[in-house]
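**Q** Sequence:
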Amino acid sequence: MSRSRKPRGSSSAGNPSRREFLQTAAAAALAAAAAPAVGPVILGAEDKAGGKNVVIGEGEFKYECLHDWGLANLPKGAHYGNASHGVTIDAAGLIYITHYGAPGSIFVFDPDGTFVKSLGDFHMAGGHGCGHGIDIRKEGNQEFLYLSASESSLDFAKIDLKGELVWRRGREQLHKDSGKYPEGAAYRPTNVSFSPDGGYFLGDGYGSNLIHQYDKKDNYVRTIGGTGEGSGQFKTPHGQWLDDRDGKPKLVVADRANKRLQWFDMDGKHVKTLDGFLFPADIDIRGELMLVPDLHCRVTILDKNDKVIAQLGDDEAWRKTALEGFRMRGQRDQWQPGKFVHPHDARWDKDGNIFVAEWVATGRVTKLRHVS
51 MSRSRKPRGS
61 SSAGNPSRRE
71 FLQTAAAAAL
81 AAAAAPAVGP
91 VILGAEDKAG
101 GKNVVIGEGE
111 FKYECLHDWG
121 LANLPKGAHY
131 GNASHGVTID
141 AAGLIYITHY
151 GAPGSIFVFD
161 PDGTFVKSLG
171 DFHMAGGHGC
181 GHGIDIRKEG
191 NQEFLYLSAS
201 ESSLDFAKID
211 LKGELVWRRG
221 REQLHKDSGK
231 YPEGAAYRPT
241 NVSFSPDGGY
251 FLGDGYGSNL
261 IHQYDKKDNY
271 VRTIGGTGEG
281 SGQFKTPHGQ
291 WLDDRDGKPK
301 LVVADRANKR
311 LQWFDMDGKH
321 VKTLDGFLFP
331 ADIDIRGELM
341 LVPDLHCRVT
351 ILDKNDKVIA
361 QLGDDEAWRK
371 TALEGFRMRG
381 QRDQWQPGKF
391 VHPHDARWDK
401 DGNIFVAEWV
411 ATGRVTKLRH
421 VS
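Just so we're aligned, residue 51 is where the sequence shown starts under my numbering, counting upward by one.
Please keep in mind that the hints were generated in silico from the structure rather than gathered at the bench.
We put the beta carbon where it would ideally sit given N, CA and C, even for glycine.
Possibly wrong hints are sitting among the right ones.
Stated by the list, open to error - Straight-line distance between alpha carbons at most 25 angstroms, and here's what the computed DSS-like set of lysine-lysine pairs gives:
hint: 1; residue 1: K212; residue 2: K167
hint: 2; residue 1: K230; residue 2: K267
hint: 3; residue 1: K300; residue 2: K208
hint: 4; residue 1: K266; residue 2: K226
hint: 5; residue 1: K226; residue 2: K212
hint: 6; residue 1: K267; residue 2: K309
hint: 7; residue 1: K300; residue 2: K370
hint: 8; residue 1: K126; residue 2: K112
hint: 9; residue 1: K267; residue 2: K208
Claimed, not checked - What follows is a list of derived Cβ distance ranges for each label pair:
hint: 10; residue 1: Q192; residue 2: E338; range: 27 to 33 angstroms
hint: 11; residue 1: L215; residue 2: E279; range: 33 to 39 angstroms
hint: 12; residue 1: F165; residue 2: K188; range: 43 to 49 angstroms
hint: 13; residue 1: D399; residue 2: S281; range: 19 to 25 angstroms
hint: 14; residue 1: G177; residue 2: G109; range: 25 to 31 angstroms
hint: 15; residue 1: A142; residue 2: L215; range: 20 to 26 angstroms
hint: 16; residue 1: D356; residue 2: G229; range: 24 to 30 angstroms
hint: 17; residue 1: K226; residue 2: V421; range: 47 to 53 angstroms
hint: 18; residue 1: G176; residue 2: V105; range: 23 to 29 angstroms
Work the whole structure out from these sequences, hints included.
**A** Structure below.
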């Protein structure tokens, strides 16, 4: 069985590019993924002239870029397929990456990048994984993965770290609970996040722009959102997270196609909005800092007051090239060290390093090793 997380957009934003590349770049992606991984690892991670990895950022937010982290250690035949999507880290330091390749829908690595196992084969369709959103939570003495498959025929799921299924919840169950999915209603899961009382939020970010709240006993509580640009409405609520940095727990949502973050209290009431993003895909929090991977080529770090203090990989000229028709995601030979193409998810580890999973053909995970 399996687990992990991924990118895509509303019909006006991300979906056309994905379909285009499923049709035009899939064969090349799979061929590249099946080829020996040593070449891509060197290409993506090193300055071949100096033999050193590129360092990005400034001051206390300076990171060495280890592109294609773990790729060379995938077993024969294993590949990310059309994209790597989500990333999370368990208490033992194991890193979980969701993907659209095979086998399964999740690859698990140890902290050194050694492949451990694959999971999530119940989140597969058409012979490939459909892994997208992935998060982890400790409940009692055990950790569990919460997954979003990002296909209308699939579901949200909860599994243990061995891959054993706890529950699955798809369109039919969500309609029974919320009444929001009559015949013809769009549904495609994107991400899950948690509330401090043991409950959780299920985000239908590629479907009907809704977030469904459940309590710790798996009982439906309410639905937040709906399609639009007003406060409390969404256009691709792609990822979300619990923000309790000020001692008042709130749900913060990456409202991707609206280019903003929105905050809600635990009763679903809109609290505030923060503009100024390009295409925010997800969120992570470490201490007083917030991490926002942006599908448009950069990773942003905010302080406790939600002020931007670092934008890693930000380069307007590169972004213009990378976003032209979204073709760059399938042109690995043109990727540049120290530059992101499409950051889809990002997580801090316990040492302050950052793992970035990108929505690119053949997949790419970059470890940003914190440089003191």
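**Q** All hints, please: hold or fail.
**A** Status of each hint after checking the structure:
no. : hint                            : result
1   : K212 / K167                     : holds, 10 angstroms
2   : K230 / K267                     : holds, 21 angstroms
3   : K300 / K208                     : holds, 22 angstroms
4   : K266 / K226                     : holds, 18 angstroms
5   : K226 / K212                     : violated, 30 angstroms
6   : K267 / K309                     : violated, 34 angstroms
7   : K300 / K370                     : violated, 34 angstroms
8   : K126 / K112                     : violated, 34 angstroms
9   : K267 / K208                     : holds, 13 angstroms
10  : Q192 / E338: 27 to 33 angstroms : holds, 29 angstroms
11  : L215 / E279: 33 to 39 angstroms : holds, 38 angstroms
12  : F165 / K188: 43 to 49 angstroms : violated, 24 angstroms
13  : D399 / S281: 19 to 25 angstroms : violated, 34 angstroms
14  : G177 / G109: 25 to 31 angstroms : violated, 47 angstroms
15  : A142 / L215: 20 to 26 angstroms : holds, 21 angstroms
16  : D356 / G229: 24 to 30 angstroms : violated, 34 angstroms
17  : K226 / V421: 47 to 53 angstroms : holds, 51 angstroms
18  : G176 / V105: 23 to 29 angstroms : violated, 40 angstroms
This entry does not satisfy hints 5, 6, 7, 8, 12, 13, 14, 16, 18, going by the numbered hints stated previously.
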